[in-house]
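Quick note, the sequences are listed as chains A and B, same order. Under my numbering, the first sequence is numbered contiguously, ending at residue 258. Under my numbering, the second sequence is numbered contiguously, ending at residue 1166.
Quick caveat, the hints were computed from the structure, so don't treat them as lab data. Wrong hints could be hidden among the right ones.
[What the hints assert, rightly or not] Listed next, the in silico DSS-like pairs over lysine-lysine satisfying Cα-Cα at most 27 Å (straight line):
| no. | chain 1 | residue 1 | chain 2 | residue 2 |
| --- | --- | --- | --- | --- |
| 1 | A | Lys89 | A | Lys253 |
| 2 | B | Lys1152 | A | Lys2 |
| 3 | B | Lys1128 | A | Lys2 |
| 4 | A | Lys142 | A | Lys40 |
| 5 | B | Lys1152 | A | Lys3 |
| 6 | A | Lys2 | A | Lys89 |
| 7 | A | Lys89 | A | Lys193 |
| 8 | A | Lys3 | A | Lys84 |
| 9 | B | Lys1142 | A | Lys3 |
| 10 | A | Lys193 | A | Lys146 |
| 11 | A | Lys193 | A | Lys142 |
| 12 | B | Lys1128 | B | Lys1142 |
| 13 | B | Lys1165 | A | Lys2 |
Everything numeric in this text was worked out from a predicted model, so none of it was measured.
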Amino acid sequence: MKKSIIRDLLILVAIGAAIWAIFALVPFAPKESKIISINKEYELGEFMVENFFNDAQYSEFNSETVDSALSLIAETLSEGAIKKEYTYKIIVFDHTMINAFAMPGGNIIISTGLLNFIEEPEELAAIMAHEMGHIENRDVLKRLIKNLGIAVITSGDQYVLSEVSKTAVSTVFDRKQEREADEFALKLLEASKINPRIYATVFRRFNEANQDWNENLELLMTHPHNNSRIRAALEYELHEDFSETKLDIDWQKIKNEL
Amino acid sequence: MQNENLTYYPLPQPDDLDIREKEDAMGAYFMMFAAMAIGLPLPIVNIIAAAVYLFMDQTKKSRYVRFHALHSLYAQIPVTLLNAGAVTWVLLVFFRDYALTNIFWGYIALVALANLTYFTFSIIAAVKARNGQFFYFLFFGKLAYHLAYRVKEDNKTMVVNQPPKM
């Protein structure tokens, strides 16, 4: 009898676990973010970038030297990308704040303050790889859908969309999204022959800068998970045949342009 | 009934039971519906109510009523734990920004199915209990039977009264 009771208990637990697993693994409904096509996302991204620069305090920064350096970094990362659904567009805006963020449709927005803060091009590659992770995982879109609902995002109303754009700029991702973007970035850096340890360096510098210089540090500094991402970068296991290739960019020349 | 050296009391048949016993047995299932509603969103009241029902006036309760009270109480424990887990997880999603992962939705589906199954089987068991019949849930049926109908070792030993030693 006792054996029979234990056997029944095991069957019951197994049924429960199977139900949980089936519902967790089988997608019964398309994810909301998949309802928005990539083309629609490009349109949305274009509108959001335009709207961002309509704000009086932000203006686009144009410099051939800077643009070509950023294009070289983006190309190096794109060549190494395992999963790549977007064509990236790197846009620089003129502001002292140290910031970089992803916008829907492959747009990565970087401040001149960040370019000034960076010491070597690999550090910027690390940040761009992280933002590419958010873009490939469609994190901005998912976050906007979660915060505002799909009806608002797909609304054609210009006023509504301009509010959506403002929300997108201050989007804060959850831990899982940040962790996934970190994992993506570390793999991408390695595949692009950039040492992933640079990830730890750049975020350590952010932490240090955050201690004595607060007013201009924004999104990148406010990630509460910098210490865990530094640890993850240091613990990241490189393939045995990994060889590093330094980016052929004179960063001091870039800084002189700003 | 002999089973792995365990002895069980014979089960009563519908005609052996009086109406009071049948209604008490049915009550063991139905009282938790009300208790569960009171207990939400912190589903613990139903467990307390079921335990009170079981232990209240225990000496006067027959094995038949005790079986159904145990059956209802034990079947409620995993459902209550699942519900408590769901409430906690939902609160974490709202207040601690936990992600709405597939694992979360799978868990919510499991909790919904567990509640539905539990309510359905409880109604069936209650109706059967009112008719003087038994209905065994998987695992809980055998466990309640084992606990309510097993002849305990102490009961088998005959007590022989002895005169005082002179």
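Agreement of Lys1152/B and Lys2/A with the hint, judged by alpha carbon distance not exceeding 27 Å: Roughly 15 Å separates the two Cα atoms, so the pair holds.
Restraint check for Lys142/A with Lys40/A, where alpha carbons must lie at most 27 Å apart: holds, 14 Å
Restraint check for Lys193/A with Lys146/A, where alpha carbons must lie at most 27 Å apart: violated, 36 Å
Straight-line alpha-carbon gap Lys1165/B to Lys2/A, limit 27 Å: violated, 43 Å
Satisfaction of hint between Lys253/A and Lys89/A, Cα-Cα up to 27 Å: Roughly 22 Å between the alpha carbons, so the hint for Lys89/A and Lys253/A holds.
Pair hint outcome, Lys2/A versus Lys89/A [Cα-Cα no greater than 27 Å]: Distance of about 67 Å is beyond 27 Å: violated.
Hint consistency between Lys1128/B and Lys2/A [alpha-carbon to alpha-carbon, up to 27 Å]: holds, 25 Å
Straight-line alpha-carbon gap Lys3/A to Lys84/A, limit 27 Å: violated, 54 Å
Hint consistency between Lys1152/B and Lys3/A [alpha-carbon to alpha-carbon, up to 27 Å]: holds, 18 Å
Hinted pair Lys1128/B and Lys1142/B, Cα distance within 27 Å: holds, 17 Å
Holds or violated: Lys89/A to Lys193/A, with C-alpha atoms at most 27 Å apart: Cα-Cα ~21 Å, so holds.
Pairwise hint evaluation, Lys3/A against Lys1142/B, where the allowed Cα distance is 27 Å at most: Holds, at roughly 11 Å.
When the structure is compared with the earlier hints, violations turn up for hints 6, 8, 10, 11 and 13 and for no others.
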